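**Q** Take a look at the letters that make up each chain.
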Amino acid sequence: MTLSQTNTDRLGDAGGFDFKRLLLSRELIVGVMILITAIAATMLSPYFLTAANIKNVVIGMSIEMIVAIGLTIVLLSGGIDLSVGSVVALSAVVIALAFNAGLSIPIAIAAGLCAGVVVGVVNGYLIAYVGLNPLITTLGTMTIFRSAVYILSGGYAMSSIPGSFKALANGDLLFGLPNLVVLVVVLIVLFHMAMWQNVWFRKFAFLGGSEMAALRAGINVKRLKLMGYVICSVLAALGGVVVVARLGSAFPNTATGMELRVITAVIVGGCSIYGGRGTVLGAALGVLFLALVNNILVLNAVSVYWQGVASGCVLILAVLSDAIINRGKRS
Amino acid sequence: MTAPNKVVEMTGIEKRFGPVEVLRGVDFELYENEVLALLGDNGAGKSTLIKTLSGYYQPDAGQIRIGGQAVSFGTPHEARDHGIETIYQDLALFDNLDVAANVFAGKEKVGGGWRKMLGFVDRNAMRNEAREAVSQMAINIPRIDQEVSAFSGGQRQCVAIAKSVMWGRKVVIMDEPTAALGVRETGKVLDLIRTLKSHNLSVIVIMHNIEHVMEVAERAIVMRSGTRRGTVNLNGPQDRESHDEIVKMLM
Chain E
0 MTLSQTNTDR LGDAGGFDFK RLLLSRELIV GVMILITAIA ATMLSPYFLT
50 AANIKNVVIG MSIEMIVAIG LTIVLLSGGI DLSVGSVVAL SAVVIALAFN
100 AGLSIPIAIA AGLCAGVVVG VVNGYLIAYV GLNPLITTLG TMTIFRSAVY
150 ILSGGYAMSS IPGSFKALAN GDLLFGLPNL VVLVVVLIVL FHMAMWQNVW
200 FRKFAFLGGS EMAALRAGIN VKRLKLMGYV ICSVLAALGG VVVVARLGSA
250 FPNTATGMEL RVITAVIVGG CSIYGGRGTV LGAALGVLFL ALVNNILVLN
300 AVSVYWQGVA SGCVLILAVL SDAIINRGKR S
Chain S
0 MTAPNKVVEM TGIEKRFGPV EVLRGVDFEL YENEVLALLG DNGAGKSTLI
50 KTLSGYYQPD AGQIRIGGQA VSFGTPHEAR DHGIETIYQD LALFDNLDVA
100 ANVFAGKEKV GGGWRKMLGF VDRNAMRNEA REAVSQMAIN IPRIDQEVSA
150 FSGGQRQCVA IAKSVMWGRK VVIMDEPTAA LGVRETGKVL DLIRTLKSHN
200 LSVIVIMHNI EHVMEVAERA IVMRSGTRRG TVNLNGPQDR ESHDEIVKML
250 M
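These protein sequence lines are chains E and S, in that order. Reminder that position 48 of the first sequence reads as 47 in numbering that gives the first Met the number 0, one-by-one numbering, no gaps. Reminder that position 202 of the second sequence reads as 201 in numbering that gives the first Met the number 0, one-by-one numbering, no gaps.
Treat the hints as calculated values from the structure; they're not laboratory data. Be aware that a few hints might be false.
[To be verified] Per the computed footprint, the stretches of chain E lying under chain S, defined by three or more beta-carbons under 8 Å from a beta-carbon of chain S, are:
hint	region
1	122-132
2	204-213
[Unchecked claim] In silico DSS-like cross-links for lysine-lysine, where the CA-CA straight-line distance does not exceed 25 Å:
hint	chain 1	residue 1	chain 2	residue 2
3	S	K50	S	K169
4	S	K108	S	K50
5	S	K169	S	K196
6	S	K5	S	K196
7	S	K50	E	K221
8	E	K221	S	K106
9	S	K106	S	K5
10	S	K50	S	K106
11	E	K221	S	K108
No experiment lies behind these values; they were computed from the predicted model shown. Every residue gets a Cβ at the ideal spot worked out from N, C-alpha and C, and that includes glycine.
With the rest of the complex left out, here is chain S (with noise of 0.2 Å):
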């Protein structure tokens, strides 16, 4: 049997802020497709994992690989550019547009014909791929036409993710995307990270709740003052064995 392929892999990653050193020489792996919970208390160096795997900081120390491939991301532009995409807790939407122009929010399609020469946009086909795009989540959008404004928690969320796979990205980093979410919501947001697999897409999510992470994930890294605690695979809801060794890292 071969082992599954890393998406992602981080190797002695050091960062600091001036007297503070905030990542100690991390080690990460994600592989391809599967859900990982990344876990910790505050200040335990998961957001500036994440954003160095997101090209918002750069590392002092280490390595990053993608595909196999060293990589180092000067900005979020380039780390998308490698299919890397963070959805973070606003989401980033544009409230007064559709979901049509949100999920192609600065990549418009422009028609073809006198269109091109005007540089109008194909409104059609952008509804279209938009449409095929969320239907295939586990959210149901209303109307592909109407402003996300109007739309629940759920359903943001659904959009800000419709995206990611519409643009074709390999990795999505998900910021606490059940906070702030009631009970029903909660379930549905944690629905569509499960389908998001069947997008061929590996997933790195942030959560504080650790039966959400039961729910969704099939392997666990917590990470404690900078360093990595100790991984944990998941075996669904009813796991108790790796839910209580999780708590005991996080202890």
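The shape of chain E in the complex, shown without the other chains (with noise of 0.2 Å):
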């Protein structure tokens, strides 16, 4: 007998803790695969529990982390953004041409997130004002921003990147933990805890759950959409900054693809294509898991190319499972 039942003498009493929904939950289930995967991965190779390989799973993911972290937002809204990778190559050329104009550094990593900024309001103007398509909008703008990004480099990696900059994002100022971990950590807790229980941000969850319900609420659908786009898009441009300090260059095929493997990640995490479902530390869980599955690929010397293969298949079995655990609820 479920819970559900037994309580029904007691009119909309909570009942004390549901235990199977925390069992069930999608965090949970994808923590206990990394559990496994990285209990697997120590077994198979000596090599993965060694500090500088870890270090160097967790600094190679911190880009997509942040970019996971946007899309998590604009995804449970009911959207989708696929320009977040030229989002991440356009801040990173910027930069670069800034800190070519002799520019400083805080004003260099400024017009990085403002170009994150032009990209979020055009997106999310064409969206929620005009009322075009998420997927087809950002589409146009991946690509459109794509070429912006080899117009303003000429085609060249751009590497006159200050050293001090480049100390920003390889240094360890915090209990030799890597800046770069810290700052991914402290955006994780931030946007989960905002997502959880800011009364602002919340309205995201409300905006995917029914966009008619939230405006019969009172809630200001369109620019809250704008928003989303925007903070998206500013969380890409902010992977830029990353990108470029910690490779002291700036390639334009920098992040190619990398809206795709985050969107795959983000939805190994538990977030709905569909909206309204989703968190930020779940879509985070789903970025380390896939980490984890690659660096296995690659200590156990798996061709790269095997890659694809894995984290398609960790997204089709993170879907299928989902459809077998709701199955017989509700739709």
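The two chains are supplied separately, each in an independent frame; assemble them into the complex guided by the hints.
**A** Right, dumping it as structure tokens:
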């Protein structure tokens, strides 16, 4: 007998804690999968549990983590953003150009983030106010801004980046933890808490649940949608800042195909492609899980060409498990 | 004996869409604390009349009075600010969220102290108030912290109505609340409508099923081709005379 049946005599009673729901939550499932994968990886390769390898994995996925936070917000609110990869590259190139022009580090970072704001406003305006389809709109802006990256950079890698800027990303100021890891953890905690508890950020879940109901509840749906795309693009632009700082150069082909990798990870982490469901923590775990799977492949000298097969299989298994868990529930 | 107060009074409402005259000078009144059924064939103008009252349409002529005060609604929000809530067939619920979030949608409570600074919501307070609101209804909600997508049609109606009760509305308009429900659920929703009176609400229900109308409503207004055909006072489900009268007006 389920909890809900035993409690019908008590009207509207919360009736204790719903353990079954917690056990079936995607965050926990992915968390357990991560543990299992990590244990398997330790057994498969002696190099997995070395500081160098862990550091590599964690730093390697930091940019995708940052991008995943923004995509979670957009997906939760019922949209999609394919332009994030292009925004990462655009921001990176704008920063490199700013350094070329002799501007200081804060101004260069601000310029990169501004590029994100511009793309976000373009996406958001077309989708929220003009009413275009988000998939097609961001497919368009993805192409446009990728071209813009090549035009701005002339197709060359730009590497006149000041050393102090590189030190920001590659240093470890806090207890020997790499700065990037600290940044990513802080962002994930901040955004997860905000989406969970903050009145304004919670509106994205309302919007994704039912746009009509959100409208009737007095939520300014258009402005909220626009803001979702702006936040997503600004986070992607922050990813671009990190790319430049970490690699010390801005390549025009930076983050090509990243949008699909991150969308895959976010969905593995429990986000619904139809909106209304998903958490930042889940998305981060999704990114971590896929990064671990890829790391196992690399450590066992499996050709990198197999990574796509692995992530694709994980994605389909995730969606399949969802279908099995939700079978029999009312739709 | 004093006559019961009119919560809503509409006089001479006219509305045309291009060449089509949808409402031709309709008078309408809703008394305090009554359940009024609005009947009529498709195209009789029920929906247009209701949408005029809930602010979706602006009448071409005529006057609307709420509690004796003349009003004109430019938007549904203005109507809602005057205490008129419309519950549509689709209920406008957030399937992905729990009862408390649905009840408080768009007006979530912010906690005190440090939570206020961060704009954090007060989940417990919202849960308790939502539980309080739904527990007064005639339908059981099993878990207050469950997503409403798992609920039955009747339970969903209950959540939608709890929202209006919670926000102190005066008038609730329900558009075919029993359409698409099974026999048992329909019975529950009819019970629910009856209990609304104890919350000082006046209810307008649009319904096609005369049996259901006889069960819940105290008065029925029948509309036909944009005019008010007549009014029938109802005395419970056994009142054959009123039943026949309604049928005659609908024919």
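**Q** Given the hint that K5(S) pairs with K196(S), does the C-alpha gap stay at or below 25 Å?
**A** 15 Å, holds
**Q** Under the criterion that the straight-line Cα-Cα distance not exceed 25 Å, is the pair K50(S), K169(S) satisfied?
**A** 17 Å, holds
**Q** When I compare C-beta atoms, does the region 204-213 of chain E have three or more residues closer than 8 Å to chain S?
**A** Answer holds; 8 residues pass the 8 Å Cβ test.
**Q** What's the verdict on K50(S) and K221(E), does the C-alpha distance respect the 25 Å limit or exceed it?
**A** Since the Cα atoms of K50(S) and K221(E) sit roughly 23 Å apart, the hinted pair holds (cutoff 25 Å).
**Q** For K221(E) and K108(S), compute the direct alpha-carbon distance and say whether it is at most 25 Å.
**A** It holds: about 23 Å lies between the C-alpha atoms, which stays within 25 Å.
**Q** Has the region 122-132 of chain E got at least three residues whose CB is nearer than 8 Å to a CB belonging to chain S?
**A** violated (count 0)
**Q** Given the proposed pairing of K108(S) with K50(S), does the C-alpha separation stay at or below 25 Å?
**A** Distance of about 30 Å is beyond 25 Å: violated.
**Q** Check whether the Cα positions of K50(S) and K106(S) lie no farther apart than 25 Å.
**A** Holds, because 24 Å separates the two Cα atoms, which is no more than 25 Å.
**Q** K169(S) and K196(S) were given as a pair; does the straight-line alpha-carbon distance stay at or below 25 Å?
**A** It holds: about 11 Å lies between the C-alpha atoms, which stays within 25 Å.
**Q** Against the 25 Å threshold, does the CA-CA distance of K106(S) and K5(S) hold or violate the hint?
**A** Status violated; Cα separation ~30 Å.
**Q** Just to be careful, I want the Cα atoms of K221(E) and K106(S) compared with a cutoff of 25 Å; is the pair within it?
**A** Holds, at roughly 18 Å.
Consistency with the previously given hints fails for numbers 1, 4 and 9, ordered from lowest to highest.
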